[in-house]
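Heads up: the protein sequence lines correspond to chains A and B, in order.
For the record, in the first sequence the residue sitting at position 67 is 67 according to UniProt numbering, with numbers rising by one throughout.
For the record, in the second sequence the residue sitting at position 69 is 69 according to UniProt numbering, with numbers rising by one throughout.
Hints are computed from structural coordinates only; laboratory data are not their basis.
Treat the hints loosely; a few may be bogus.
Note that identical chains are pooled: a pair holds if it fits in a single copy or bridges any two copies.
[Stated by the list, open to error] With a Cα cut of at most 16 Å, we get these calculated EDC-like pairs of lysine to aspartate or glutamate:
id, residue 1, residue 2
1, 57, 142
2, 172, 199
3, 228, 26
4, 172, 33
5, 10, 33
6, 214, 26
7, 245, 229
8, 57, 97
9, 10, 29
10, 213, 184
11, 245, 29
12, 57, 146
13, 228, 104
14, 189, 92
15, 228, 97
16, 228, 92
Number of protein chains: 2
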Amino acid sequence: MTQSVIELLKQHRSIRKFTDQPVPQDCVEQLIEAGQAAATSSFIQACTVIQVNDPTKRTALASYAGNQAYVASAPVFLVFCADMHRHQRICEWHQAEMLSGFTEQFITATVDCALFAQNSAIAAESLGMGVVYIGGLRNQIEQVSELLQLPELVYPVFGMCIGYPDQNPEIKPRLPLSVVLKQDVYEDKQDLAAIEAYDEAVRHYYQTRTGGKKVMGWSDQISAMLVKEARPHMLDYLQGQGFLKR
Amino acid sequence: MTQSVIELLKQHRSIRKFTDQPVPQDCVEQLIEAGQAAATSSFIQACTVIQVNDPTKRTALASYAGNQAYVASAPVFLVFCADMHRHQRICEWHQAEMLSGFTEQFITATVDCALFAQNSAIAAESLGMGVVYIGGLRNQIEQVSELLQLPELVYPVFGMCIGYPDQNPEIKPRLPLSVVLKQDVYEDKQDLAAIEAYDEAVRHYYQTRTGGKKVMGWSDQISAMLVKEARPHMLDYLQGQGFLKR
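Kindly produce the complete structure, drawing on both the sequences and the hints.
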């Protein structure tokens, strides 16, 4: 390997089109083991991955995610679940009464999952594969949970398609460093000016990539998105699963 | 680089003791840029990092985090914040009315932060540095927020100490693969037996590492932790910051 790890990280872009080349199961297991190696809050290890192979389930998930066909067709599809059910069973086993439903536990389990998944994503990319996170699973999260038979205290944070890339999209430009890195205190006086310049770079990116069909900056996309409700079913669903009760 | 990326990921362990070797600022910026390259939900880019240099602030943070001295002494200390304040300002700028407070937005911002931070952590480790996540910042999260002057719709998810390792701890064994990777559905009938065997491996790890002072398995640690309240102030604090209101 001559490429540096930082180069690899900076070359990330979502891959939504994959070749037919299969990903052997021992390779999937390597990605999971790489995920497990990530830091875990107080050693809680609250991530469980469900690998979905069954074509009927895949088709259903693709539809639940808002008709993202690659969820059905990708060589590998993983669902990363925040899991405190395991811990509940352990407490019962040790005859200890688990205090659940704390927002803090929701944060640690969700963060655990994200760190785990990001390690798996990087591991896949280091082997020449491409990935895309599927947050769209949260569109119909109740149906996803039923399909995967998720018990209480488990929720699907996101999915991930994995395979060998059959496309080569450009890397999307990110916010200027001055906007995301602050010194000692949160200070954002100069941010809007920097974002205005960044909007130009984003417009240029879309112009190049879509041949002028979608030409938007970043801030106009964001503001258009945020005037809408964001999956308003989420809190009810999560409380139903035993999370975020206090 | 002869070491594979997966090898690098699997060698992670938290580093809490650092040499005096400074980390140049352009190196810190590289870690942040690596973080920015991570996937971001709907391009929302909801992570802001506050690099804390001021020794007085560092000492305060070390105390807030439950007297973790390395928070004060590490060459670099970063606070990863989930940030929707930026988006609120953008909406105002575009004269759009942002609908905030959705649990979904809390999830995407928190996950964004975690993916970002994990990239930064891996980038640091790839350069021979070591890191430790500091979830303890959430112990006194209100005070941390005041100290860093965090506005509404920003919360510190965790901190991270970064520097060159002055210790070489063993890698902590992780749960058996069969416990964390499921096929098609959530199915845990065999898990407790696998966890019982894993407890032995964890006990052995502590025996080796602590010379017999702390000898616990995994499941007994977890159950002892979960009979206690988990930062019960968190929901009030987050709602005060404008999160998790619906």
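Status of the hints after comparison with the structure:
no.	hint	result
1	57 to 142	within (14 Å within a copy, 44 Å between copies)
2	172 to 199	within (12 Å within a copy, 44 Å between copies)
3	228 to 26	neither (43 Å within a copy, 39 Å between copies)
4	172 to 33	between (29 Å within a copy, 13 Å between copies)
5	10 to 33	between (23 Å within a copy, 8 Å between copies)
6	214 to 26	neither (40 Å within a copy, 35 Å between copies)
7	245 to 229	between (22 Å within a copy, 13 Å between copies)
8	57 to 97	neither (35 Å within a copy, 38 Å between copies)
9	10 to 29	between (24 Å within a copy, 13 Å between copies)
10	213 to 184	neither (42 Å within a copy, 39 Å between copies)
11	245 to 29	neither (34 Å within a copy, 39 Å between copies)
12	57 to 146	within (11 Å within a copy, 47 Å between copies)
13	228 to 104	between (27 Å within a copy, 12 Å between copies)
14	189 to 92	between (52 Å within a copy, 14 Å between copies)
15	228 to 97	between (41 Å within a copy, 9 Å between copies)
16	228 to 92	between (42 Å within a copy, 15 Å between copies)
In this structure, the hints that do not hold are numbers 3, 6, 8, 10, 11, in rising order.
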